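Q: Okay, here's what each chain looks like letter by letter:
Number of protein chains: 2
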Amino acid sequence: MSDSFKDYEELIAKYKEYSVLGSVTGLLHWDMQAMMPHKGIERRTDQLSLLSGMMHKMLTSEQIGELLDKLDSSSNTLTEEMRANVREIRHDYQKATKIPVELVEEMSREQSLCHEVWVKAREAADFQLFAPNLEKVVKLVAKMAEYLGYKDTPLDALIDQFEPDATTAMFTKLFDDVKAANVPLLKKILASPVKAKRDFLKTEYPPELQKQIGLDIMKQIGFDMEAGRLDTSVHPFCAGGTGDVRITTRYNPHAPQQAIFGIIHESGHAMYEQGVNRDFWGTPLAEALSYGIHESQSRLWENFVGRGRPFWKHFLPKLQSTFGTQLAGVKLDDFMLAINHVEQSPVRVEADELTYDLHIILRFEIERDLFAGKISISDLPKVWNSKMEEYLGITPANDGKEGVMQDVHWSGGSFGYFPSYSLGNMAAGQFWFAMQTAIPNMDAKMESGDFSDILHWLRENVHLHGRRFKRDELMQRATGKPLGTASYIKYLSDKYSALYKL
Amino acid sequence: MSDSFKDYEELIAKYKEYSVLGSVTGLLHWDMQAMMPHKGIERRTDQLSLLSGMMHKMLTSEQIGELLDKLDSSSNTLTEEMRANVREIRHDYQKATKIPVELVEEMSREQSLCHEVWVKAREAADFQLFAPNLEKVVKLVAKMAEYLGYKDTPLDALIDQFEPDATTAMFTKLFDDVKAANVPLLKKILASPVKAKRDFLKTEYPPELQKQIGLDIMKQIGFDMEAGRLDTSVHPFCAGGTGDVRITTRYNPHAPQQAIFGIIHESGHAMYEQGVNRDFWGTPLAEALSYGIHESQSRLWENFVGRGRPFWKHFLPKLQSTFGTQLAGVKLDDFMLAINHVEQSPVRVEADELTYDLHIILRFEIERDLFAGKISISDLPKVWNSKMEEYLGITPANDGKEGVMQDVHWSGGSFGYFPSYSLGNMAAGQFWFAMQTAIPNMDAKMESGDFSDILHWLRENVHLHGRRFKRDELMQRATGKPLGTASYIKYLSDKYSALYKL
Chain A
1 MSDSFKDYEE LIAKYKEYSV LGSVTGLLHW DMQAMMPHKG IERRTDQLSL LSGMMHKMLT
61 SEQIGELLDK LDSSSNTLTE EMRANVREIR HDYQKATKIP VELVEEMSRE QSLCHEVWVK
121 AREAADFQLF APNLEKVVKL VAKMAEYLGY KDTPLDALID QFEPDATTAM FTKLFDDVKA
181 ANVPLLKKIL ASPVKAKRDF LKTEYPPELQ KQIGLDIMKQ IGFDMEAGRL DTSVHPFCAG
241 GTGDVRITTR YNPHAPQQAI FGIIHESGHA MYEQGVNRDF WGTPLAEALS YGIHESQSRL
301 WENFVGRGRP FWKHFLPKLQ STFGTQLAGV KLDDFMLAIN HVEQSPVRVE ADELTYDLHI
361 ILRFEIERDL FAGKISISDL PKVWNSKMEE YLGITPANDG KEGVMQDVHW SGGSFGYFPS
421 YSLGNMAAGQ FWFAMQTAIP NMDAKMESGD FSDILHWLRE NVHLHGRRFK RDELMQRATG
481 KPLGTASYIK YLSDKYSALY KL
Chain B
1001 MSDSFKDYEE LIAKYKEYSV LGSVTGLLHW DMQAMMPHKG IERRTDQLSL LSGMMHKMLT
1061 SEQIGELLDK LDSSSNTLTE EMRANVREIR HDYQKATKIP VELVEEMSRE QSLCHEVWVK
1121 AREAADFQLF APNLEKVVKL VAKMAEYLGY KDTPLDALID QFEPDATTAM FTKLFDDVKA
1181 ANVPLLKKIL ASPVKAKRDF LKTEYPPELQ KQIGLDIMKQ IGFDMEAGRL DTSVHPFCAG
1241 GTGDVRITTR YNPHAPQQAI FGIIHESGHA MYEQGVNRDF WGTPLAEALS YGIHESQSRL
1301 WENFVGRGRP FWKHFLPKLQ STFGTQLAGV KLDDFMLAIN HVEQSPVRVE ADELTYDLHI
1361 ILRFEIERDL FAGKISISDL PKVWNSKMEE YLGITPANDG KEGVMQDVHW SGGSFGYFPS
1421 YSLGNMAAGQ FWFAMQTAIP NMDAKMESGD FSDILHWLRE NVHLHGRRFK RDELMQRATG
1481 KPLGTASYIK YLSDKYSALY KL
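Chains as they are written, first to last, in our numbering: chain A, 1 to 502; chain B, 1001 to 1502.
Some hints here could point you the wrong way.
Only part of the chain B face toward chain A is listed, based on derived beta-carbon distances under 8 angstroms [stated by the list, open to error]:
id, residue
1, LEU1027
2, ASP1031
3, MET1035
4, PRO1037
5, GLY1040
6, GLU1042
7, LEU1050
8, GLY1243
Hints listed in this document are in silico derivations from the structure and should not be mistaken for laboratory results.
Predicted model only: the values in this text are computed from it and were never measured.
Beta carbons: idealized from backbone N, C-alpha and C, even for Gly.
Using the sequences plus the hints, can you model the full thing?
A: Encoded structure:
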């Protein structure tokens, strides 16, 4: 065995320990949300803090640094897959070693304080209360960006943590296109005489029946029930990886669509994790590419498939046989309008498919201008409200739950995170048209309850590659072009024109 | 701060990491039995093997060795509790460092092989198939005993792993007493004209109702539901520690007593863990004393409380209101006989309270004579069957599930484990009489559904001490004498004389 193969195997063995410990941490988090009794929190905090300290030490160890150095000069003898693993481990190693431990610890303290204040300030809708802590967090985040390094603006370094090789400039361009299409589309929809009837979704839907339907849908779209679970938690999420991926949801007895689409969304995340190449378990090649590409999978299943007409042509009769009284006489057309109802909500997490991106764009633009020094913390409520008016045509009733303080992200220092959500939509749009070319009679197949070709296409073109290709190369291979907005904009326009007879 | 306090704190910090990692391992095991999807096994194996390797490294680290050496000479400045922690950590450290890693690895391989062969040999009831592998395991176990060190016989070293400071000679003496009392008692019971009617326990008891009753009982006897859970698994067990202790059971629709007593048994284990001193979490002072004392808690609740007349005077009406048809017209006397029915079963896990110890004594005597060189592996079936005849008056139908190969323990090298079970019974007997002196009207309290004084007594006298005192000191403090058999023998004699009118 040549030296570089030996070095590679050593590197992988080290990284795998880090990765296995990460999978343990994932299980502890899942358990904390879905299973843990109340008084277990002290013990759990000790467990998580020990493991995260160990993981940081493992990833930033001198041994990994030396192996990466050695592999730098000799990597041409490795296979392409091995080189991709080395590249990705180097990326993670550099990210982890660039920031001084003291800064990480200071950040962690300030985040906790800021989060506490945020909870109170949000409840009281008092931005002045929140501002000083937010200011501190933003300064620390900007300091982290300096350590991480960037070309144009500190936000680039922050975005890269969630979406490698994406930049502020790139998102500005993409989002300008989406905005230019969606703002007028929203106005046309609001002016349309077609209105959704939604009363039948507000009657009583027993949670245990919702769960049964959810499980049926999971199985039918291809979630491997031998490699995962469905449980209940306050905030729905997906955790785990190959062989064991668990999703959670919550059940609102007066809004069954929340759990149903939540389950489809999380199943999309889960099927990505279930679909990576198991031979590479414990290495970057068996990890998801980025937050944005992860979101492309959840959104493709939730919105493109799950809120589509062919899907409900198949599932509505089943839903009606479970909820006979509640859905008696509801026609497919009524149902489609009800689950795709567009409205001007001030709250992101309640937004429909169309307006969701406008919420994201607003946040992204504020982050961009904040880190470019064009606006300051004290401007946030004003800027927020004026953009709300401009993009969604509404003015939030307050700065708390309906306004600038509605999201948890900023209090925790997660700047650069929001754009991933919309990147997921744009990527999903591009996958959607590409798979329609590849899959004959895709609509007819969905109408008959057969989703296997869709899952197969995603497996082959996205899941199996893990972090092997960078995002644009993945998009190029899967769809013939780098990430753009055309497909997504066309999809939205087609969909809503048909629904609202525009 | 003096040097020895500083050394102590360093030692505790190191040990706590080991302990916290152990608690993570416990959760992974719980999850594997109670939650994990089928295909998660590969991932779980990687996780467990990484953590167990890390734990071994942590416990046997040079740093811990050096700190223990330093504390040896200066420990007189520490408090009594601190000295107890140092003593117990030294015990664990020595146990872990005495055995060479190669032997542990060889043992682990041979155990796996032997376990595989045992499954087949047990099914085929073919001891010849099992013997060569068992021989190898016994040789390795004997080798381990040499490394661990002992005074009289290798079995002493093995027993010490589960029950520190217990010896073969000690168990021989205790068991001779129990045998001398129980063998004649069993004969008298079998000759009694009183016979249990058990048909009403064999009708249909829906599992979800069994679970409801189980939860009610758990809460009533003092299991803290905010610091634990009840789930389902193939083999019932208890896992976790302070703040988060989880038990499992299984439900047989045609034998509700199995789940009910299983739940009470595991709750006994769990309440021990819930009752340790939380201030010491992560140190030996917040760990259970030994396997035997753990078992004293489960058996005290299961048998002394749970199969007693006062308990059912309170709970039978509740049980009858849940299972109206199934238990219609069943009198307390009938019920007591049914759940305390004594029979000559060849299978340990199906044995009743009285005959259980005879199964244990038989196994202990075989282990004792095997490691003393008085019998050989090939003698095992013959010796087994002749002792079965002598103690229980029956001859097993085969060497497999009904005979010498029924238990998993020996295939995994767990020699010296069995006596802990009976030690639990003897200790429980002694606690039982001691608490009756301390608690006025204990029967009347149980009859009214009040078990708080019992739990309180156990908390104060057992749980809160963790590993602070050695077993005999604990027994002396709690009951006024070291571990003996008199209380237990009296308890059994009183109980069965009343039930069977002897």
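Q: Hints broken by the structure, by number, lowest first?
A: Those not satisfied: there are none.
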